[in-house]
Amino acid sequence: MTRYDLIVVGAGPSGLSAAAEAAANGLKVAVFDENARPGGQLFKQIHKFFGSKEHKAKLRGYDIGTELLKEAQEQGVEVYLNAVVAGLYADKEIVVRLGEKVAHFKGDTVIIATGASENMLTFEGWTLPGVMGAGAAQTMMNINRVKPGERVLMLGSGNVGLVVGFQLLQAGCELVALVDAAPRVGGYGVHAAKVARTGVPFYLSHTIVKAEGTDRVTGVTIGEVDSKWQVIPGSEKRFDVDTICIAVGLSSSTQLLKMAGCELAERAAGAGYLPVCSDVGETSISGLYAAGDVSGIEEASSAMLEGRIAGISAAGKLGFAAQEAVTARLATLTTALEALHEGMFAPKNRGKSVDKTEEGYDVSTNLLKKGYLADEEITKYPGVKSVSGIHPVIECTQNIPCNPCQDSCPKKCITVGGNIVTLPVFDEKAGCIGCGQCIAACSGQAIFLVNEDIGDGLAAVTIPSEFLPLPEKGERGAALDRAGNVIGTAEVTDVKSVKSFDHTNLVTFTVPKELGMRARFWRKGAAI
Amino acid sequence: MRITEHPILGASEERRTVTFTHDGAAYTGFEGEPIAAALKAAGIVIHRYTKKYHSPRGVFCAIGRCTDCVMVVNGQPNVRTCVTPLAEGMTVDTQHGAGGEDRQ
Ligand SMILES: Cc1cc2nc3c(=O)[nH]c(=O)nc-3n(C[C@H](O)[C@H](O)[C@H](O)COP(=O)(O)OP(=O)(O)OC[C@H]3O[C@@H](n4cnc5c(N)ncnc54)[C@H](O)[C@@H]3O)c2cc1C
Ligand code: SF4
Ligand code: SF4
Ligand code: FES
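Going down the list, the protein sequences come from chains A and B. Sequence positions in the first sequence follow my numbering and run 1 to 528. Sequence positions in the second sequence follow my numbering and run 1 to 104.
Please keep in mind that the hints were generated in silico from the structure rather than gathered at the bench. Nothing here was measured: the structure is a model prediction, and the numbers come from that model. Take these hints with a grain of salt, some might be off.
To be verified - Capping the alpha-carbon separation at 27 Å, the derived lysine-lysine pairs in DSSO-like fashion look like this:
1. A:LYS70 - A:LYS56
2. A:LYS317 - A:LYS106
3. A:LYS499 - A:LYS56
4. A:LYS210 - B:LYS52
5. A:LYS210 - B:LYS51
Excised from the complex, chain A in its bound form:
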């Protein structure tokens, strides 16, 4: 039986990080993944990540994946693909199905980084072809490069539903509605806002009544739910769709940990059983660790740090790394991880409704109920100041762990500060030069550049654009407000596509002066 110092199950962000960290300390490491390609969820993520530099913020998921994979390879990590780990024993032996063969491997330490699987929801017609997990849609469009459907309804307003919804639009699909049974949008407001401004309606407190079709989905009916989650008769709405995507949460894939006999417990009633782990991710079995989504659903940024924490701990446990070195490294990693565990979406705040930001600003109920900020509330936030000349308008109003905007500005116009969940503050005295760096750096596509009066009764607005086809200079189209309503005609005066902007294009258009603080999206065609 082949033996390794460390066996990692799962080649997602946490598994690869764990492997790279341990191998860098001299451990002989193997990673096993059931997929044909490594990277777990990362290669499907085509958006820019949140966090700060140390969390690789501002990079797109697949670029982070490529970096990680390269690091693991350079450190000599062996990666076994198409390798389903079917068994794990308490003595840290694993059973692997490699094609037709079954092989056994033994690790002195083992890190389980098997991630999570999508939850499902049943309703009439839910087994029809055309009903699929949001992750499936993401795989089809971002990996296989095939549209999952032409007209899609998304169920779920958490980050997965919002992000996949936006990616469906980027792939050229029509998103007819975003639906959630909860009364509030579950994911980041900035993710919701970028979907809402394209004109996609949000139906909160709604659920799917049924999917129609005999051989495939041809339509869907949704209905409003009352406080007991029952559909209110007469509230039904019907849409023609060929695809329904379900994004109702993820569940940790803890099967192997269970099999090995690790202690599992519910952290909150109904939250599902998760491994009981030490600060470094060690389970109740010595030398067996859990890292990433398998130990609680979070993000790739935290999964990578948890992986590294487990990796360096395994190195310490086996005596490859000196205790002081381990302690120092753990301190750095833990600080970075704690930075991600703050803010209104932090694990500790799950299920709570947060009405005020940490600074004391009201959390926009419009944003939570409709997916966008109301025109009249926008200037309440510290990133928005209506001043003369060109200035950024930072529509980032919730405490989320993120700060690339601050690092991007050459004139120091934007401050987030030491705690990265603090709302970005715009300093009008710093002298914005209109370079647009902040727009391209913003992971949430929440920054716009506005000159509210350029003469001739016009205002100029610059927006981030990640859609095709890009407009052309001089092209007239429709100006849409934050809600996605057409509010006037907009003429494109500049389109900037720069390599360092990493596929975020800057589109500048002019609109009548009174629309400068309202127009937030440009659509091809007449303003009707």
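Once you have looked at the hints, place chain B with the ligands on chain A.
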């Protein structure tokens, strides 16, 4: 259904075109892509009918977990088409019955 130009991912890379048949009719797809992707691109969404209720199934998880997408490939039933690469000359047929456990 193919995404040829994508604002982030760019133009899709050149891949070799192969022919395959679905229930006797000829189609083309790209070598090495999941069979399910080639079917989707061809507008085919029904992969199989369940044993008991003969209800249709299509791609559901796209990562080889749910077995909804299994078909008869080169005469062999229960092939998960979402994770099986397409090859020249494959026969891909709708599966009736058998398969894994069915979601009802
Ligand atoms: C739509 C969407 C958007 C997201 N956006 C962001 C974002 O903006 N920022 C962010 O930080 N995070 C984001 N995430 C979350 C992030 O992708 C996950 O939190 C992260 O991938 C978890 O990493 P992981 O390594 O724990 O698990 P995964 O990435 O799920 O990897 C687990 C791996 O284990 C393998 N595996 C499982 N079981 C076995 C077995 N028995 N044998 C062999 N292999 C096995 C799987 O095949 C998989 O490759 C997003 C997720 C989704 C779905
Ligand atoms: S446009 Fe340039 S100068 Fe102005 S706030 Fe943004 S990054 Fe700073
Ligand atoms: S404004 Fe700053 S903190 Fe907010 S999403 Fe954009 S980059 Fe992140
Ligand atoms: S779609 Fe689930 S196994 Fe293929």
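Verification of the hints:
A hinted pair counts as satisfied when its Cα atoms are at most 27 Å apart, and LYS70 (chain A) with LYS56 (chain A) qualifies at roughly 15 Å. For the given pair, LYS317 (chain A) sits about 16 Å from LYS106 (chain A) by alpha-carbon distance, which is consistent with the 27 Å threshold. Proposed proximity of LYS499 (chain A) and LYS56 (chain A) is supported: the alpha carbons are some 18 Å apart, at most 27 Å. Distance check on the hinted pair: LYS210 (chain A) and LYS52 (chain B) sit about 22 Å apart at the alpha-carbon level, within 27 Å; holds.
Restraint check for LYS210 (chain A) and LYS51 (chain B): satisfied, since their Cα atoms lie roughly 23 Å apart, inside the 27 Å limit.
Hint compliance for this structure: every hint is met.
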